[in-house]
Each structure stands twice: as structure tokens, then as C-alpha cells.
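> Just so you know, the sequences run in chain order Z and D.
Under the working numbering, the first residue of the first sequence carries the number 1, and numbering increases by one thereafter.
Under the working numbering, the first residue of the second sequence carries the number 1, and numbering increases by one thereafter.
These are computed hints drawn from the structure, not numbers from a lab.
It is possible that part of the hints are untrue.
[Claimed, not checked] Stretches of chain Z that chain D covers, calculated by requiring three or more beta carbons in the stretch to come under 8 Å of a beta carbon on chain D:
id : segment
1  : 22 to 31
2  : 65 to 72
3  : 114 to 124
4  : 185 to 197
[Stated by the list, open to error] Anything over 10 Å on all C-beta distances counts as not near chain Z; from chain D, calculated:
id : residue
5  : 34
6  : 38
7  : 114
8  : 199
Every residue, glycine too, gets a C-beta built ideally from N, C-alpha and C.
As a plain string of letters, each chain reads:
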Amino acid sequence: MPIHEKSLIRPENLVTHEHLVIDGVDVSGHWSTFITSRAVTDYNEQMEEEIAALPGGEFIHRCWQCGSCTNACTVNAINPDFNPRYWIYLIRMGFEDELLRDKDIIWQCVSCNKCTYACPRDVNPEGVMKATAHWLELKGHTEKKPSTVFDEVFSEQVFATGKIEDGRVLKQFFARTGQSLIQDWLVALVRSLVSRLPVGLMMKLGLATLFRPRTRGWDAASAAIEEYVSECEAAARKALRLDVQGAE
Amino acid sequence: MSGKYKQVAYYPGCALEGTGHAYNRSTKELGKALGLDVVELKNWNCCGAMEVKNVDPKLQTYLSARNLSIAEAMGFDTVMAPCNGCYHNLKKAEYDLANDPASREVTDQLSRKAGHETYKAGKVETIHALDWIKQAIGEDGLKARVRNSLKGLKIANYYGCMYTRPRHIFPEKDRGPGSESTWKPHFMDDLLAAAGAENVEYPLKTACCGGAHTLSDSDTSTKLVLNLLTTAEACGADVIATECPTCHTGLEMHQVRAEKVFGRKTTVKILYFTQLLGMALGLSARKVGVPENFSASSDLLRARGLG
Chain Z
1 MPIHEKSLIR PENLVTHEHL VIDGVDVSGH WSTFITSRAV TDYNEQMEEE
51 IAALPGGEFI HRCWQCGSCT NACTVNAINP DFNPRYWIYL IRMGFEDELL
101 RDKDIIWQCV SCNKCTYACP RDVNPEGVMK ATAHWLELKG HTEKKPSTVF
151 DEVFSEQVFA TGKIEDGRVL KQFFARTGQS LIQDWLVALV RSLVSRLPVG
201 LMMKLGLATL FRPRTRGWDA ASAAIEEYVS ECEAAARKAL RLDVQGAE
Chain D
1 MSGKYKQVAY YPGCALEGTG HAYNRSTKEL GKALGLDVVE LKNWNCCGAM
51 EVKNVDPKLQ TYLSARNLSI AEAMGFDTVM APCNGCYHNL KKAEYDLAND
101 PASREVTDQL SRKAGHETYK AGKVETIHAL DWIKQAIGED GLKARVRNSL
151 KGLKIANYYG CMYTRPRHIF PEKDRGPGSE STWKPHFMDD LLAAAGAENV
201 EYPLKTACCG GAHTLSDSDT STKLVLNLLT TAEACGADVI ATECPTCHTG
251 LEMHQVRAEK VFGRKTTVKI LYFTQLLGMA LGLSARKVGV PENFSASSDL
301 LRARGLG
């Protein structure tokens with residue numbers, strides 16, 4: 001069943017007729033504004049399947065559109081356009097063009113899991129948001145979003161050494177996203193801390209950035225993880241038919 | 001005291017060795033003051049936090065399974081994690097290993113390649129630092145040991161996301177009287193009240209601080225944190241008590257950022273619950289790492305005769 005979305009009422013879809021008579025009734029003027037009829041012909045019939053093939057998206061088919069996810073959503077409360085229920089509907093219907101209108105905000109899911117807590121159908125909407133954000137990137141609809149860059153910086157350290165060092169994560173993330181470390185608030189934060197911190201502890205923290213903390217005997221685990229990650233990447237590319245497209 | 005959780009394996013995690021070192025210090029000092037033993041997991045690895053699951057959730061399961069296998073090999077049946085992220089991921093791994101054959105298969109395959117025993121669900125219980133104090137000492141035990149009461153210090157108890165959500169990975173919660181609630185958690189409230197605090201009615205106990213995007217989507221995080229801070233102040237709180245290094249650092253960072261970037265100043269202080277309990281037991285502010293917090297709370301604490 002179609003769900004009537006308020007979002008279809010957009011300026012470009014509204015028509016006001018100067019002179020229009022329907023069945024003998026004059027419907028001219030702004031008091032009888034029409035929404036242009038539309039015929040959708042370009043359904044993306046693979047979209048749901050492809051997103052379901054990415055980690056987190058597996059249970060999208062369970063959704064019965066109750067809206068508990070959007071009702072509970074942290075990000076929706078500060079941006080009403082952030083609407084997981086609606087996106088799941090679009091994905092399942094194959095309305096790719098409609099989904100792409102929101103392509104630059106889907107990555108902003110903060111993973112608070114309120115949706116997953118509230119969902120009566122175990123859709124795991126949080127996972128669906130991540131899978132959808134990855135789908136948009138893999139398909140080339142968006143560039144790599146900052147959250148993906150952060151995930152990569154973080155995960156690379158874990159896979160290589162077994163641990164992360166938060167100062168290093170911060171520095172690498174700022175470098176890869178082209179941001180300066182000299183930001184007002186960051187400087188203020190460090191300055192206030194340095195004025196109070198015991199010298200011994202500062203030395204210890206400084207040393208941690210020089211000598212990266214690592215898990216002893218991690219090499220075998222690291223190799224196994226890297227191998228598994230490449231398998232996952234290959235599986236995702238296959239599910240999204242990316243290599244087929246590349247060969248054309 | 002039942003002797004339960006008197007000695008537990010301790011999983012500090014990466015954050016407690018970095019920005020959350022005050023939490024690490026205060027947790028250990030609190031344990032010592034209460035006569036509880038913590039034995040750090042040998043050679044532990046990162047739990048994957050909120051990032052590795054976005055590469056593949058089964059990898060995060062493996063990372064936690066490795067830590068649980070270490071606890072088992074060390075002869076422990078309980079591992080205590082003070083960090084919400086670590087705690088959540090260990091619980092999630094436990095749930096997935098019990099319920100998802102694909103997670104079991106990947107964990108087994110990676111464990112064999114990495115050269116250690118595959119962890120099997122049900123061998124080790126994961127608890128949070130809150131469960132640890134609540135079960136091993138309890139409110140009455142704590143009351144008997146308080147030497148420097150928090151004297152009605154007004155506290156908003158902030159639990160964050162990962163301590164209660166999603167609820168299916170915490171089968172021991174929501175079990176009626178005495179158990180923790182995922183909807184309205186109260187373990188921290190109970191302990192701080194026993195130490196003499198006055199807990200304010202704080203409706204955002206389990207709201208999100210935006211920790212997963214604290215750097216990658218800073219404006220969203222600042223808005224979420226500002227909401228937490230202003231609400232705590234509106235509820236009359238002097239202090240927000242935390243139980244997660246990501247929330248704690250997020251609150252501190254974005255309190256400064258809200259002032260610098262949005263021009264919104266708030267004055268509520270942010271302290272780990274372990275720091276507050278430690279000071280109530282008579283430990284000094286320095287001993288529980290108060291000077292290591294970004295949020296400068298010494299003036300307030302001195303005025304209240306604490307630390």
C-alpha cells in the first residue's frame with residue numbers, strides 16, 4: 001500500500017491553473033492548487049536486495065512501516081528530514097530518486113540504537129542506516145562521508161596493532177578530512193587541561209603517542225582479520241554488481 | 001556481602017588508557033578502597049568500539065570473543081568493563097555467539113588462524129563497573145563505608161546509550177525488583193544516593209551524546225550534548241555523573257565547543273561516578289583523578305568539602 005508522504009508536496013510538484021474548468025466547475029486560481037500526477041517508471045528493483053546484502057541491512061524486509069524507529073530517533077529530533085521509516089519504505093519500493101534526495105544526511109545516524117530498541121519487528125534500523133550509507137558510497141552516489149573516514153582510521157589501527165591510541169586517531173582523522181588541528185575549542189580544551197594536569201601523567205600520555213600501544217602477539221590475528229576484510233569487500237562488490245559494471 | 005564479584009577480570013579498554021585515564025584510575029582506587037580485586041586481562045585487544053562494526057559486525061564479535069577467551073584462560077568466570085562501549089560489545093558478542101551461527105563460524109575461523117581457543121558463549125559473564133559495586137558491595141555496604149558524605153550534592157545521573165540498548169543483549173536486565181532497568185536505569189542513582197548525593201529527576205538518563213560522531217559530525221554532537229547539559233542545569237544539577245569514557249569526554253569537549261562555536265555557556269560539572277564514590281569514601285580528588293578531567297570541578301568540590 002502506498003504511503004502518502006508529505007514530502008511529495010514540494011514547490012516543483014505544485015501547479016496552480018490560471019484557467020481550468022473540470023466537469024463544469026471552475027478550479028482556477030490559488031485556492032485549488034494541484035499536485036502534479038506522476039508515473040514512476042524507473043523503479044530500482046535491486047536496491048532492497050543490494051542493501052540487504054551489506055552488513056546491517058539483512059532484516060530490512062521485516063519492516064511493516066509502524067514508524068517506531070523515526071519516533072524514537074535521536075537525529076530526527078534535531079533534523080525532521082532524517083526519517084529512517086521513510087527511507088526503508090523508499091528502499092523497499094525501489095524509489096531510488098527519492099532516496100537520493102536525502103543521500104547527504106543518511107550517514108549522520110549516531111548509532112544510539114533507540115530505533116533498534118523500539119522496533120517491534122527486529123529490523124535493526126540502525127544497521128539498515130549504516131548499510132544504506134555504505135550503499136550510497138559504493139554506488140558512487142556520494143563521496144566517502146566523514147563517518148566512514150573515521151571508521152577507517154579507527155579500524156586500520158585496531159587491525160594493525162590490536163589497540164587504538166585516541167590522540168593518533170584524532171590527528172589522522174583531521175589530516176584525512178583536511179581539517180586543521182588548531183581549532184578554537186580544541187586549543188581551549190587542551191590549554192585548560194595542561195594547566196591542571198600532573199607533569200608525570202602528561203609525559204605518559206606523550207609517550208603513548210610516540211610508542212603506539214599494541215597487543216602483544218597480534219600478528220596472526222591481524223593477518224586473519226585483513227584476509228577476512230578483503231573477503232567481505234569482495235562479497236559486497238559482487239552483491240552490488242560493481243565489478244560487472246566496471247567491465248562494461 | 002556475598003563474596004560475589006569480589007575478584008573479577010578487568011577489561012579497561014583503549015579509552016581508559018587514553019582520554020579516559022581518570023576513569024581507569026578512579027575505578028581501581030575505588031575497588032582498592034572497597035577491598036575488591038581486579039586482575040587486568042593479559043594482552044587484551046580493542047573491542048572495536050562503534051567503528052569496527054561498520055566494517056563488519058562479525059569482526060567486532062571476534063574482537064570481543066578474543067578478550068572473553070583470555071578471561072576464560074585466566075580462570076575467570078566474570079569480566080568487568082567500566083567503559084560502556086567495551087561492556088556493550090562484550091555483551092553483544094555473547095548474544096551473537098549464542099544466537100547467530102554465522103558469527104560463531106567467523107569467530108571460530110579467525111580464532112584458529114590467530115592461534116587461540118575459540119570462545120564459546122556462556123563461559124564468562126560480562127558486567128559493568130556499576131553491577132560490580134552494586135552487587136559486591138551494595139547500598140548498605142557503601143553507606144557503612146562512607147567517610148565523607150556527598151552532602152546533598154545535586155547530581156544528574158547520565159547512563160548513555162550502550163549501557164541499555166539494544167535491550168535483547170542484556171537478558172539480566174528488566175527482571176523486576178532488584179534488577180537494572182533498560183528504560184529507566186537506576187544502579188548509579190542507587191549508589192550515589194547511598195553515598196549521600198541528592199539525585200535530581202533527569203529525563204535524559206539514556207539520551208545520546210552523539211559519541212559515535214563526536215569528531216566526524218561535531219555540530220550534531222554539540223547540539224546533543226548542549227541539550228544534555230542545559231537540561232541537567234534546568235533540573236537543578238550541579239554535577240552530571242557519568243559511567244562511560246566516550247560520553248564523559250564528549251560532554252567535556254562539546255561543553256567547551258558549545259561555548260566557543262555556538263556561544264552557549266554552561267557551568268554544570270562532569271565527573272565519573274567512580275570519582276564521586278571514591279571521594280565519598282574519603283579518597284582525595286587527586287587520587288581519583290579529578291585534575292585529569294577536562295571539566296574543572298575543583299572549586300565546586302572544595303566548596304562542598306569534598307576531595
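> Which earlier hints can't be squared with this structure?
Violated hints (numbers, rising): 1, 2, 7; every other hint is consistent with the structure.
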